[in-house]
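Novice: Respectively, the protein sequence lines represent chains A and B.
If you're matching positions, the first sequence starts at 1 in our numbering and goes up one per residue.
If you're matching positions, the second sequence starts at 511 in our numbering and goes up one per residue.
No lab work stands behind these hints, which were simulated from the structure alone.
Glycine included, every Cβ here is placed at the ideal spot set by N, Cα and C.
There could be a bad hint or two in this list.
Residues of chain B placed beyond 12 Å of chain A at every Cβ, according to the derived structure [claimed, not checked]:
| hint | residue |
| --- | --- |
| 1 | 572 |
| 2 | 633 |
| 3 | 682 |
| 4 | 724 |
| 5 | 739 |
| 6 | 781 |
| 7 | 785 |
| 8 | 786 |
| 9 | 790 |
| 10 | 843 |
| 11 | 845 |
| 12 | 857 |
| 13 | 960 |
| 14 | 963 |
| 15 | 1015 |
| 16 | 1019 |
Straight-line alpha carbon distances no greater than 30 Å define the calculated BS3-like cross-link-like pairs of lysine-lysine that follow [as the list claims (entries may be wrong)]:
| hint | chain 1 | residue 1 | chain 2 | residue 2 |
| --- | --- | --- | --- | --- |
| 17 | B | 958 | B | 798 |
| 18 | B | 631 | A | 311 |
| 19 | A | 118 | B | 1020 |
| 20 | A | 86 | A | 311 |
| 21 | B | 821 | B | 677 |
| 22 | B | 607 | A | 97 |
| 23 | A | 118 | B | 821 |
| 24 | A | 118 | A | 177 |
Number of protein chains: 2
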Amino acid sequence: MFETAELGRKVSKAEFKQREAELREALLIAQGRLRKASFPVIVLFAGVDGAGKGEMVNELNGWLDPHYVLTRPLGDPSPEEQERPKYWRFWRDLPPKGQIGLFLSAWYHAPLLDHVFKRTKRGRFDQDLDEVMAFEQTLADDGALILKFWMHLGKKAQKKRLSKLEKDPLERFRVSKDDWKHWRMYDDFVGVAEHIIMRTSTGQAPWHIVEGADANFRSLRVGELLLEALTDRLDEEDAARTIALETKAPEPEPEPKSAKDNMRLEVVRSGRPTVLDTVDLEAKLAKKEYQRRLREAQATLSRQHHEARKKDISMVMVFEGWDAAGKGGAIRRLVTALDARSVNTIPIAAPSDEERAQHYLWRFWRHLSRAGRVTIFDRSWYGRVLVERVENFASEKEWRRAYAEINDFESRLVEHGTVLSKFWLHISPEEQARRFAEREQTPYKRWKLTEEDWRNRSRWGEYELAVHDMVERTSTQCAPWHLIAGDDKYHARVTILETVVAQLAEAVSK
Amino acid sequence: MFETAELGRKVSKAEFKQREAELREALLIAQGRLRKASFPVIVLFAGVDGAGKGEMVNELNGWLDPHYVLTRPLGDPSPEEQERPKYWRFWRDLPPKGQIGLFLSAWYHAPLLDHVFKRTKRGRFDQDLDEVMAFEQTLADDGALILKFWMHLGKKAQKKRLSKLEKDPLERFRVSKDDWKHWRMYDDFVGVAEHIIMRTSTGQAPWHIVEGADANFRSLRVGELLLEALTDRLDEEDAARTIALETKAPEPEPEPKSAKDNMRLEVVRSGRPTVLDTVDLEAKLAKKEYQRRLREAQATLSRQHHEARKKDISMVMVFEGWDAAGKGGAIRRLVTALDARSVNTIPIAAPSDEERAQHYLWRFWRHLSRAGRVTIFDRSWYGRVLVERVENFASEKEWRRAYAEINDFESRLVEHGTVLSKFWLHISPEEQARRFAEREQTPYKRWKLTEEDWRNRSRWGEYELAVHDMVERTSTQCAPWHLIAGDDKYHARVTILETVVAQLAEAVSK
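Just need the whole structure built from these sequences, with the hints factored in.
Specialist: Dropping the structure here:
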């Protein structure tokens, strides 16, 4: 079954670059269509250790709009999860309609290991798989698009890969004693896997076997398969809808305003000196230096994170900043150094109705992770004193009160032992204009630019004052703000990583 | 401080009956207003063991519309909860705006016990109370109405009460070894409690000390205090709104249709024989016999539940039935025999937007409780094959598929060891008409009767067929349906209780 995934197929760097650009654009377009569709997408990765399951999840997070992607690592169940029927945690973590959920092993984890280690006999094993299929069927019947990728490596290739990973300080955390144990049992694993794939590859939830030896090949393969399945389904749905509407013509999309039209929205500065003036926007890093320090910081962070995980130290990171200040890029550089299984990125947009019916801090409390995990907030509770203040979504009384509420919330985190990092990414209005223009011209970045971004720009001065007040009132000893000079992305990324490293070093050494 | 709560105040049965009826009506009216208001109500009960905290929660659940009341027992934290900052679980369990949350001890639990048992010194204790106050302040600032009741008993009265409870097989589970241990430390407890009440009784979250010796007195006292606070706040909000609207006149409420107008909606029977024809609606129980058997079943159930709790056996009960078939009354008789701390009643109404974005079973999975708890669904996943089928909310394909999905879901529960009970409460259309008329005439029952109830009546025959199919397809060996003759409420309640007792006896004896 796996012969075709041991052919040693490769994609050259140059080819990869070109195909990746096309793929990203197409994926983003499909994802945009998905948001208006009535089904969720469930993508599951399983396979041989070292064949790139975790990396693939990171890659997709980078390609897609992360606001509508949920990563569900799902390792061993927690005690609370064990107290409930087995599938409770999988149900709990399903993506809503219009979104994509990325799952690692998930409901295949226990059946596979239990059978390889002979904890289940053949009868029970088949029953486990029946349950898996019933679950997938239920979801598919409701419209879910399900794709399952088996990431494969030959036995020799796996050995080579594990050895290579172990030698790389940045990747070392990916290799555990278990991995080697599993490698010695390679044939058992592959035998059981074969049975799983044969039994559970259904029309509604097919398995795709992907050769994992070459990162470029495997990334494109997964991405292209996802794109194809997604586009097919979207076309189907559109066709069905067209038939349903019969002759009713679709409304024409409004013409997007061009950057030039919008440029009339001039930036109005506050004119008052603010704490942002202290940020040296001239700070720069040469590419070579960037690459060296980035790699070094990532290597250290990956070691530290491993340590923190063992010591049950949680991390919470808050990213705020101007539109296009580079939050996404900085977050990606961080996530790469962390174990995807224990990181959760929470993009904060408009609240759901359940959230709206609660205190505004409720939706942040609910996302706090279990011990040893990392939670990254892309925008955060500071929205209350930034956008909600500037746009008058919150009353003056409300946002003024929020400073104390936020300080109290953050001290709860820090008292609990959580490492809290807060970053404001600062750029000049001129740099922002350059980036907006660039986004408009790069197809796969275009989705990032909205009318709102232009409107926010016209309120630059008000935001300056809001940021100033925010830093003044919420940069506390236990939870200081880090103002990051962002005109140079290299400088910003490295500074953020090195800040996290320094903070974590202190926490881990305690 | 507690002298005024040891006066031995009593309310006679006759007086109680009369004042209770008035109170219930007024509470329901206030609750109706609350639903349109923009704040949540948080009611917290703490106090001396045996002073009636749990009973008070049950009483309020009986008086109010349980659809908008959340009971939050909150004992010791689970491992998942311990992995997060202390207040995470309290945040998680807050009621949304327009609803009432009933909390037992909650955030006062640990500070009180820790200090009584000398695990915290004075400084840490005060810090704990500061955190409590900051939390309450945060909620109050956002508009939450907070009431805290300290249920008090004198030392002698507590001894008498605990002894009496112990002698009663139905109430025995309420008394633990800890209770007696605490009684011997009575003076320590009262000393610490006094300090807590003094420090944390703020204008926004005041404590009310309630004499707990006489159940009638204490119920009315709590109910009347709640009513007063709620009405005052609602009046305030209305006044503020009136000022805001200035001269704009309120829309007149539509005239409620009288029962007679609606009676024209004739019941149309299906004409086909259904499984419901097998239910003997003549079944009756005399009052004496009812009281004896009810009491006996409740006593057994309370013992069994205690046992089940120790053995980590969970229970899930499903109540379906015609409108006014007596689901609420039956559920109350069940809940009374159970430890309020481990029971969760989930009224199923329209889904939230987070729920709507998922598979229809998702919202039931999310409510499954931890081990040893009881979850009661007042209406359930069967809505899919009942109301959603009859009203065409689900397509034929969807509701037909649902039978298998439901069977699969329920086998997951049963496999996990959960005791699952499913009841269809059956009444004749004539009995329903009688009850509707009665509801219209009893002020505190009027809220139960809606236009929808009348509309459903006109579709009696369609529902008959839907129920028939439901029973045929989902009454499985592992999860059988119990069709309960409900024209006589006594008969229905006793039958339900005895059925649960029989099921649980089997599970506990395993």
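Novice: Take the hints in turn and mark each one as holding or not.
Specialist: Right, here's what the structure says about each hint:
1. 572: 25 Å, holds
2. 633: Correct as stated: the minimum Cβ-Cβ distance to chain A is 15 Å, above 12 Å.
3. 682: 26 Å, holds
4. 724: 37 Å, holds
5. 739: Given a closest Cβ separation of 19 Å, the condition holds.
6. 781: 33 Å, holds
7. 785: 26 Å, holds
8. 786: The claim holds: residue 786/B sits with its nearest Cβ about 29 Å from chain A, beyond 12 Å.
9. 790: 35 Å, holds
10. 843: 27 Å, holds
11. 845: The assertion about residue 845/B holds, with a minimum of 21 Å to chain A.
12. 857: 16 Å, holds
13. 960: 22 Å, holds
14. 963: 26 Å, holds
15. 1015: The claim holds: residue 1015/B sits with its nearest Cβ about 23 Å from chain A, beyond 12 Å.
16. 1019: At about 22 Å from chain A, residue 1019/B clears the 12 Å cut-off, so the statement holds.
17. 958/B with 798/B: 28 Å, holds
18. 631/B with 311/A: 28 Å, holds
19. 118/A with 1020/B: With a Cα-Cα distance of about 27 Å, the restraint between residue 118/A and residue 1020/B holds, given a limit of 30 Å.
20. 86/A with 311/A: 27 Å, holds
21. 821/B with 677/B: The given pair, whose Cα atoms are some 24 Å apart, holds under the 30 Å limit.
22. 607/B with 97/A: 26 Å, holds
23. 118/A with 821/B: Roughly 28 Å between the alpha carbons, so the hint for residue 118/A and residue 821/B holds.
24. 118/A with 177/A: Holds - the C-alpha atoms of residue 177/A and residue 118/A are around 19 Å apart, at most 30 Å.
In summary, this structure violates none of the numbered hints.
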